[in-house]
Amino acid sequence: MKAIETEALTKRFGNFTAVDSISFDVKRGEIFGFLGANGAGKTTAMRVLCGLSKPTSGRAIVAGHDVAARPERVKRRIGYMSQRFSLYEGLKVWENIRLYAGIYGARSADIRERSDALLRELDFEEGRDKLVRSLPTGWKQKLAFSVAIFHEPEIVFLDEPTGGVDPVARRQFWELIYKAADRGITVFVTTHYMDEAEYCDRVSIMVDGKIAALDSPRGLKEQFRATTMDEVFRILARGDDARAL
Amino acid sequence: MSKTFPVRLFGAFILKEFRHILRDRRTIMILLGMPVIQVVLFGFAITTEVREVRVALLDPTPDATTRRLTDRLLASDYFTLARVVHSPAAAERALRRGEAEMAIVFEPSFERKVEKEGTGRVQLIADATNPNLAAMFTGYATSIIAGGAAPAPATRLLYNPAMKSAYYFVPGVMGLVLMLICAMMTSISIVREKESGTMEMILVSPARPFMIIAAKLVPYFMLSCVNLATILFLSVHALGVPVAGSLSALVTASLLFILVSLSIGIFVSTVARTQVAAILVSGMVLMMPVILLSGLIFPVENMPALLQWISHLIPAKWYIAAVKKIMIEGAPLLLATREMLALAATGVLLLLLSLKKFNDRAT
Numbered sequence: 001m002k003a004i005e006t007e008a009l010t011k012r013f014g015n016f017t018a019v020d021s022i023s024f025d026v027k028r029g030e031i032f033g034f035l036g037a038n039g040a041g042k043t044t045a046m047r048v049l050c051g052l053s054k055p056t057s058g059r060a061i062v063a064g065h066d067v068a069a070r071p072e073r074v075k076r077r078i079g080y081m082s083q084r085f086s087l088y089e090g091l092k093v094w095e096n097i098r099l100y101a102g103i104y105g106a107r108s109a110d111i112r113e114r115s116d117a118l119l120r121e122l123d124f125e126e127g128r129d130k131l132v133r134s135l136p137t138g139w140k141q142k143l144a145f146s147v148a149i150f151h152e153p154e155i156v157f158l159d160e161p162t163g164g165v166d167p168v169a170r171r172q173f174w175e176l177i178y179k180a181a182d183r184g185i186t187v188f189v190t191t192h193y194m195d196e197a198e199y200c201d202r203v204s205i206m207v208d209g210k211i212a213a214l215d216s217p218r219g220l221k222e223q224f225r226a227t228t229m230d231e232v233f234r235i236l237a238r239g240d241d242a243r244a245l
Numbered sequence: 246m247s248k249t250f251p252v253r254l255f256g257a258f259i260l261k262e263f264r265h266i267l268r269d270r271r272t273i274m275i276l277l278g279m280p281v282i283q284v285v286l287f288g289f290a291i292t293t294e295v296r297e298v299r300v301a302l303l304d305p306t307p308d309a310t311t312r313r314l315t316d317r318l319l320a321s322d323y324f325t326l327a328r329v330v331h332s333p334a335a336a337e338r339a340l341r342r343g344e345a346e347m348a349i350v351f352e353p354s355f356e357r358k359v360e361k362e363g364t365g366r367v368q369l370i371a372d373a374t375n376p377n378l379a380a381m382f383t384g385y386a387t388s389i390i391a392g393g394a395a396p397a398p399a400t401r402l403l404y405n406p407a408m409k410s411a412y413y414f415v416p417g418v419m420g421l422v423l424m425l426i427c428a429m430m431t432s433i434s435i436v437r438e439k440e441s442g443t444m445e446m447i448l449v450s451p452a453r454p455f456m457i458i459a460a461k462l463v464p465y466f467m468l469s470c471v472n473l474a475t476i477l478f479l480s481v482h483a484l485g486v487p488v489a490g491s492l493s494a495l496v497t498a499s500l501l502f503i504l505v506s507l508s509i510g511i512f513v514s515t516v517a518r519t520q521v522a523a524i525l526v527s528g529m530v531l532m533m534p535v536i537l538l539s540g541l542i543f544p545v546e547n548m549p550a551l552l553q554w555i556s557h558l559i560p561a562k563w564y565i566a567a568v569k570k571i572m573i574e575g576a577p578l579l580l581a582t583r584e585m586l587a588l589a590a591t592g593v594l595l596l597l598l599s600l601k602k603f604n605d606r607a608t
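So the protein lines, in turn, are chains A and L.
So the first sequence is numbered by the numbering used here: it starts at 1 and just counts up by one.
So the second sequence is numbered by the numbering used here: it starts at 246 and just counts up by one.
Since the hints were made in silico from the structure, they are not lab data.
Ideal placement from N, C-alpha and C gives every residue a C-beta, glycine not left out.
Some hints could be false.
[Claimed, not checked] Listed next, the in silico DSS-like pairs over lysine-lysine satisfying Cα-Cα at most 30 Å (straight line):
hint, chain 1, residue 1, chain 2, residue 2
1, L, K602, A, K54
2, L, K439, L, K602
3, L, K439, A, K54
[Unchecked claim] Derived list of chain A stretches under chain L, where covered just means 3 residues or more per stretch with a C-beta under 8 Å from a C-beta of chain L:
hint, region
4, 43-57
5, 102-114
6, 170-177
Same shape as in the complex, but just chain L (with noise of 0.2 Å):
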């Protein structure tokens, strides 16, 4: 190996590495595509929030406090009248029809029990195929018509007051596109050059193994970068997600997630032999994980502990649990310090191993 770093010999590799990604114009559509369909997908598709849920209202007996709180209800984005029926058999029916997702009940002469009794009952009936969904718009429907009754307590939403889905997807989309890139491709292309024997034609000669992986790294992390700025110029614009914090930590998380998906996509490549099993490998063994158990969609907090042990294991969970904290709730860089340090950790662990790897097979 010769004292000086060869920086010819090493940007002539990089040069190489761009040409092959350059080259393959549907790997570049997808490198570059995917964050925008995703950020897409997730952000607009794939909604939590709780919009126009279908009421049927069963009012026996209408009078003014009725009308009141069935005015107050419906005033809301939250609820629109689908229909009116006059028994319990036919609201149960606009249910199982799927004409609606929530019959409001009155007890008949609803109105006089509470100037008699001081209280009137009302049944909210709701269709829980989706739980979570049914929790939400009850909940929502029940502090309405209590806020007609009874003072109910003030509740303030911090850092997502508009309770925007997106704020909660964006942190895990950019988790998941930037390991899918940095991973996938990196390890597809390493294994490829395994594959087609041209692995093997650098070994022979004097370069360095180290280099032509170093090599590959460099126009992968440039990649990212830019997903990064889509993915965040995407969320802020079209999204309406601000970001809360300093850019500059976010950009030094993201960073250094970037620069440990490619280590993850090292890894993959000193374990996989050919270009179907890197991308199984990356595809199975490392994205079902991060978007089950990263907090993407199912929330960890409320897994059993197995799983939430297993969860601290993957490096994106640590990612968009800093991402969430600096970009949405605005912290500064230093309280995501636990999160930064497990994805240093991680980082370099995987390249230690992908060495030891390396260095077992050459001798």
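Pulled out of the complex, with its shape left as it was, chain A reads as follows (with noise of 0.2 Å):
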């Protein structure tokens, strides 16, 4: 079974087009790198998916359900981390987890023993009574991907999980992201970052709302002869010119 299938799937906004007709599928289990340039359509295409925004034509099956007729069903199914780690300043490291596991319906007994059992696993028991606002960005982004996966969901949204840490911490979130791969988990990320793109078991390049690629990192490279992503992204985002180098 498939975790996303899209077919002709498009958003307009007016006369502009963000998303044109893309039709992929993401298996169970996989870690989807979801690329393209800063106004590719990556992060509509991602909020369509995620049964934020309604699909202008086409359709997006997720976890099972149809998006655009379902949207309540998909998002019971689903976690989402948006790239303002989303988490509340103000509140302490477990009053977040209780709020986030409550919104999806855990039980109060079930949450105090799932929480600690979390902190312990991140090693991070002694954050458990600070304020989110006083934690580094690395342990901000953990503990936010970590409660959006706190429900099970069969598939994770990442949109640009890692934005403003090192390379250690980035390091570290993924080893996050292969743990809950691991599990089942299916995960949909977006990110800048190429060298993210080969920890990834297949990957898509959007180019103005089009799938321009997909395939798995080293397909990718062999079909573009390229030696790294970051050369693949440079040639499909930059178009024809690009490649004539």
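Reconstruct the complex from the two isolated chains, following the hints.
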């Protein structure tokens, strides 16, 4: 079974076509990289897949349900982390965990037990009573990710999750992503960092609202005769002129 | 959306709001301290009452009549003698130097003129840099002086016999403070969620956005009730402005206004993208008209027709009018029906507009 299936998915704002008839599948348990230059339409596409925005035409099946027809069912089965880590800065760590777990309908007794387990796993038990505001960005991002998958969603959507942290913190973050994928959670991630694209099972690159390429990082590099994903991205994002160089 | 309203989740959201507000010491101080400062400021510092106007006296030929009139003038709280001058030029100089705000000039041989011709001439020269004030104290002086010579009409001042300006300001301050706290604080806190990305997180979750907004209204509604109590307590016990009408009528009108202000806050939050924008919109676009056009400081009745028409669009104006009727004039709630209807209509309109904006964005 597929985690995500889209068919000629299109989103228009007036005359502007942000997402232009894209069709692709994401397999269950896969780490799927969703790349594209700023304004290529990846955030819009992701918002449609999350049920935040209705598609103009086409179809998207996410976690077994049509996003346009049954957004509520989809929402219960997905997790989401925006680029602004989306935790409440003025609340303590455990209060954030409890609030988000409560939103997804977890029982308070379960929440206590599982949030303790989560903090132990992150090796962050001393941070339990700290205000999120006081944490370093790397910790905020790891926490936000853990909170986003606290309700064991089928798919987690990550919108540029590692902005503004050093390579070590990014590496640690990706270890969490691998762990989640090992548990069977499908990971759908957008990123600006091309080294992160290398960590994905498959990568799609959007250009002007269309998917210009979709394959494993190795397959893409062979296809475009490039040595790094960075090169592949530049060839696609800059268009034919760049390829001539 | 689940069939039953998720009470526990709603409670969790409200708890979250309270934690946010109570943890932010500075904000909570502003929220609870603002009404106290405003009431004290408007009630004591900013006063339009006439008190101890300094008088320069020019009486070339003092006699029993002029002395009697002068004594009567100075016996009131309104006037004190600053200096006695001996020429018109000296009187003018006293005014120009700011040593006196009013000069009283009796014509020479005042008593003899009164005996012979039945009337003597007195001139009042006033510093009219503050025209309202000048009009008031020359009026007082005229009636006091005339009271000696001719029978003056008996005046009765209804609702505010002591002519205290607090009577005039308290309703305005109530409108201002409730508006500020409800509209500004709600809009800021909703926009903050948009800025920090937490709103998006809620929108992707099964929880309805309606819930997060409703959960915001609860704490600010309660805070506003505390503020309402503070203002009423201070105005009755510190400013000596009694609640002439029924307290329940006053509270009813106030609760309605609080709800309207909350919906203004929600509406602002659908328009503003950043907290700064929310502060600017609720601070400048909402506060300035409230201060200038609601009758808080300047009477609406004296404004040009266009401004009066604009003032009808300001909810605080209707609330202030209702409070004046109920609290000061002691009118029953029924007499404030027009004001209450205007408030209710504004509230419903704003909520519908916000809902429409919200749904437009969701699709």
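Per-stretch coverage check for the region 102-114 of chain A, three Cβ contacts closer than 8 Å to chain L: holds (count 4)
Within 8 Å of chain L's CB atoms, at least three CB atoms from the region 170-177 of chain A: coverage verdict: violated (count 0)
Proposed proximity, L:K602 with L:K439 (alpha carbon, max 30 Å): Holds, at about 15 Å.
Given hint A:K54 paired with L:K439 - CA-CA distance at most 30 Å: Answer holds: L:K439 to A:K54 is near 19 Å, not above 30 Å.
Pair hint L:K602 and A:K54, alpha-carbon separation not exceeding 30 Å: holds (16 Å)
Coverage assertion for the region 43-57 of chain A with respect to chain L, Cβ distance below 8 Å, three residues required: holds (count 5)
Of the numbered hints given earlier, the model fails hint 6 alone.
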